[in-house]
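Number of protein chains: 2
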Amino acid sequence: MTTDKKNTKEKILEAAGEVFAQKGYAGATVREICDLAGANVASVNYYYGGKEGLYKDLCHHLFAEVFDQFPVTKDFPEGTGPEERLAFFVEGMLNRLLEHVQEGGLPKKSQLLARELAAPTKVMDSLVETFVRPTAGQALDLIRRILGPNVPEKEAAKCLLSMVGQCVYYSLARPIFSRLELLDLNQPGIVQELAEHITRFSLGGMAAVRREAEGDTVSGAGGGREGMA
Amino acid sequence: MTTDKKNTKEKILEAAGEVFAQKGYAGATVREICDLAGANVASVNYYYGGKEGLYKDLCHHLFAEVFDQFPVTKDFPEGTGPEERLAFFVEGMLNRLLEHVQEGGLPKKSQLLARELAAPTKVMDSLVETFVRPTAGQALDLIRRILGPNVPEKEAAKCLLSMVGQCVYYSLARPIFSRLELLDLNQPGIVQELAEHITRFSLGGMAAVRREAEGDTVSGAGGGREGMA
DNA sequence: AAAAATTTAAAACAAACGTTTAAAGCTGTC
DNA sequence: GACAGCTTTAAACGTTTGTTTTAAATTTTT
Numbered sequence: 001m002t003t004d005k006k007n008t009k010e011k012i013l014e015a016a017g018e019v020f021a022q023k024g025y026a027g028a029t030v031r032e033i034c035d036l037a038g039a040n041v042a043s044v045n046y047y048y049g050g051k052e053g054l055y056k057d058l059c060h061h062l063f064a065e066v067f068d069q070f071p072v073t074k075d076f077p078e079g080t081g082p083e084e085r086l087a088f089f090v091e092g093m094l095n096r097l098l099e100h101v102q103e104g105g106l107p108k109k110s111q112l113l114a115r116e117l118a119a120p121t122k123v124m125d126s127l128v129e130t131f132v133r134p135t136a137g138q139a140l141d142l143i144r145r146i147l148g149p150n151v152p153e154k155e156a157a158k159c160l161l162s163m164v165g166q167c168v169y170y171s172l173a174r175p176i177f178s179r180l181e182l183l184d185l186n187q188p189g190i191v192q193e194l195a196e197h198i199t200r201f202s203l204g205g206m207a208a209v210r211r212e213a214e215g216d217t218v219s220g221a222g223g224g225r226e227g228m229a
Numbered sequence: 001m002t003t004d005k006k007n008t009k010e011k012i013l014e015a016a017g018e019v020f021a022q023k024g025y026a027g028a029t030v031r032e033i034c035d036l037a038g039a040n041v042a043s044v045n046y047y048y049g050g051k052e053g054l055y056k057d058l059c060h061h062l063f064a065e066v067f068d069q070f071p072v073t074k075d076f077p078e079g080t081g082p083e084e085r086l087a088f089f090v091e092g093m094l095n096r097l098l099e100h101v102q103e104g105g106l107p108k109k110s111q112l113l114a115r116e117l118a119a120p121t122k123v124m125d126s127l128v129e130t131f132v133r134p135t136a137g138q139a140l141d142l143i144r145r146i147l148g149p150n151v152p153e154k155e156a157a158k159c160l161l162s163m164v165g166q167c168v169y170y171s172l173a174r175p176i177f178s179r180l181e182l183l184d185l186n187q188p189g190i191v192q193e194l195a196e197h198i199t200r201f202s203l204g205g206m207a208a209v210r211r212e213a214e215g216d217t218v219s220g221a222g223g224g225r226e227g228m229a
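Quick note, the sequences are listed as chains F and Z, same order.
Under UniProt numbering, the first residue of the first sequence carries the number 1, and numbering increases by one thereafter.
Under UniProt numbering, the first residue of the second sequence carries the number 1, and numbering increases by one thereafter.
Keep in mind that the hints were calculated from the coordinates and are not lab data.
Keep in mind that the hints are not guaranteed to be accurate.
[Said to hold, decoys possible] Across the chosen pairs, the derived CB separations fall in these ranges:
| no. | chain 1 | residue 1 | chain 2 | residue 2 | range |
| --- | --- | --- | --- | --- | --- |
| 1 | F | Arg145 | Z | Arg179 | 19 to 29 Å |
| 2 | F | Ala64 | Z | Thr80 | 48 to 58 Å |
| 3 | Z | Asp75 | F | Thr130 | 28 to 38 Å |
| 4 | F | Thr80 | Z | Arg179 | 27 to 37 Å |
| 5 | Z | Asp35 | F | Asp125 | 43 to 53 Å |
| 6 | Z | Asp184 | F | Glu78 | 33 to 43 Å |
| 7 | Z | Thr80 | F | Glu32 | 26 to 36 Å |
| 8 | Z | Asp68 | F | Asp125 | 33 to 43 Å |
| 9 | F | Gly137 | Z | Asp184 | 11 to 21 Å |
| 10 | F | Pro71 | Z | Glu129 | 20 to 30 Å |
| 11 | F | Pro175 | Z | Lys74 | 45 to 55 Å |
| 12 | F | Pro134 | Z | Glu52 | 19 to 29 Å |
| 13 | Z | Glu52 | F | Phe70 | 36 to 46 Å |
[Claimed, not checked] Simulated coverage check for chain F against chain Z, where a stretch passes if three residues somewhere in it have a Cβ under 8 Å from a Cβ of chain Z:
| no. | segment |
| --- | --- |
| 14 | 57-70 |
| 15 | 205-212 |
Small disclaimer: the values here were computed from a predicted structure and weren't measured.
Glycine included, every Cβ here is placed at the ideal spot set by N, Cα and C.
Full structure from sequences and hints, please.
Spelled out as structure tokens, the structure:
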């Protein structure tokens, strides 16, 4: 009963993570996955019904894992302000995207996410509904509270995208800024450092959006909501 | 001498743009490209030395086109502040990434960029050196001027990534937020609207970073540098 | 221990891949 | 018109792809 050696099914899933992340869906081959798993070529069809089924199972497995591991909300004390909650959200989000940096593994989830963004498969639909939509809703609530009642809904959505965009970009654009030598993601504590930056940057950005919505005229006296974090 | 009908070579490049963007490098087939171009299967090898050569030529061709079409700097009047220059930069950058939205074509460049990010090929190196590095340098200069002398270089780099990250995200993450119905990129004037948002958001974010670097103590009196856009 | 169900294994499948080949078509110059 | 130099064509090349098949091995149940 699987005491020492793992299931063939699990070994295939693990190997698929490596190969799909590295080669993409089209680029990966069933043979390479099975070789890496030490299993026969026919195993993929036997356990997952084919290459496509394996890919879908893998995606859901990986995302469920990392979403479980890093929450973006928690039970704060009653009076906790939205700024502090946002900081926690950003750090959780960034951890989900950059988990591999600290754990020292291959960036499987980020790679698969990047590939799904570049070429959405059928998996994208279920991923968005299962994982992204709830998270986005939580973030939008926070953002609305920070922006106040005078900022239109559309502006709040743009702020959400601006904030999430930063998080995702640090994960996605690594091939670019590693070549530019702008930032070394491999130094210790980098994820928390980035989380702090993104939180500060985004709070500043949202303060500017709020000032704009509430009219520039009263900007002299501090706008009413920064400097109190 | 190519009066009406185009060169076979050019027709192949055009068809390659469609197919590579839609299917990716591994997913695209030489046969499909040639069929779409109305050319023989052997043409790709004849003109471009193979699938790989065609892909490289295509990438450079497309990026050169869009970088030419949308500059991110221009000759401003002498006294123009960095904020206004940044607004121009952001709009140019966003136009490069979302050009297809206004022109109503397929997002070939964005797709290819997304795919290169997800799985960098040899092309990524030359793309970064030819197109990205100069642009990043220009942006970093602007950002340094906005942040002032007290902000460390590393913080400036993070601000650059935060700003560029927003621009890229609006282009890259379309498969996600179109499913979330957060933002409709197809409405007229959306690119300029987003450019204004990103500029405002980023200036606010950088103001916050600057305040942090110059010490939070003097934050009460407005920080000294926003509200004058 | 025998029987049944599950899992692994090797081999073969047709289809599709990028590329090559060799011949035919074309265009311009002498 | 004949020759040379590009260009285009159809066919075939050897690989590699995902999947299927058939049988042996293993595990579970009786």
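Hint check results:
One distance hint, 19 to 29 Å for the beta-carbon pair Arg145(F) and Arg179(Z), holds here, with the actual separation near 25 Å. The supplied range of 48 to 58 Å is met by Ala64(F) and Thr80(Z), whose beta-carbon atoms lie about 51 Å from each other. Taken as a hint, the range 28 to 38 Å is violated for the pair Asp75(Z) and Thr130(F), whose Cβ atoms sit roughly 51 Å apart. A C-beta distance of roughly 31 Å is found between Thr80(F) and Arg179(Z), which places it inside the suggested range of 27 to 37 Å.
Evaluation of the 43 to 53 Å hint for Asp35(Z) and Asp125(F) yields a failure: the beta carbon distance comes to about 30 Å. Range check, Asp184(Z) to Glu78(F): Cβ separation about 38 Å, and the 33 to 43 Å hint holds. Against the hinted window of 26 to 36 Å, the Cβ-Cβ separation of Thr80(Z) and Glu32(F) comes to about 55 Å, which falls outside the hint. For Asp68(Z) paired with Asp125(F), a C-beta distance near 37 Å keeps the hint of 33 to 43 Å intact.
Separation of Gly137(F) from Asp184(Z) is about 19 Å and conforms to the stated range, judged on CB atoms against 11 to 21 Å. One distance hint, 20 to 30 Å for the beta-carbon pair Pro71(F) and Glu129(Z), is violated here, with the actual separation near 41 Å. Here the CB-CB span from Pro175(F) to Lys74(Z) is close to 29 Å, at odds with the stated 45 to 55 Å. Range check, Pro134(F) to Glu52(Z): about 42 Å between beta-carbon atoms, so the 19 to 29 Å window is missed.
Taken as a hint, the range 36 to 46 Å holds for the pair Glu52(Z) and Phe70(F), whose Cβ atoms sit roughly 39 Å apart. Coverage of the segment 57-70 of chain F by chain Z is violated in this model, with 0 residues showing a Cβ closer than 8 Å to a Cβ of that chain against a need of three. With 7 residues carrying a beta carbon less than 8 Å from a beta carbon of chain Z, the segment 205-212 of chain F meets the three-residue requirement, and the given coverage holds.
In this structure, the hints that do not hold are numbers 3, 5, 7, 10, 11, 12, 14, in rising order.
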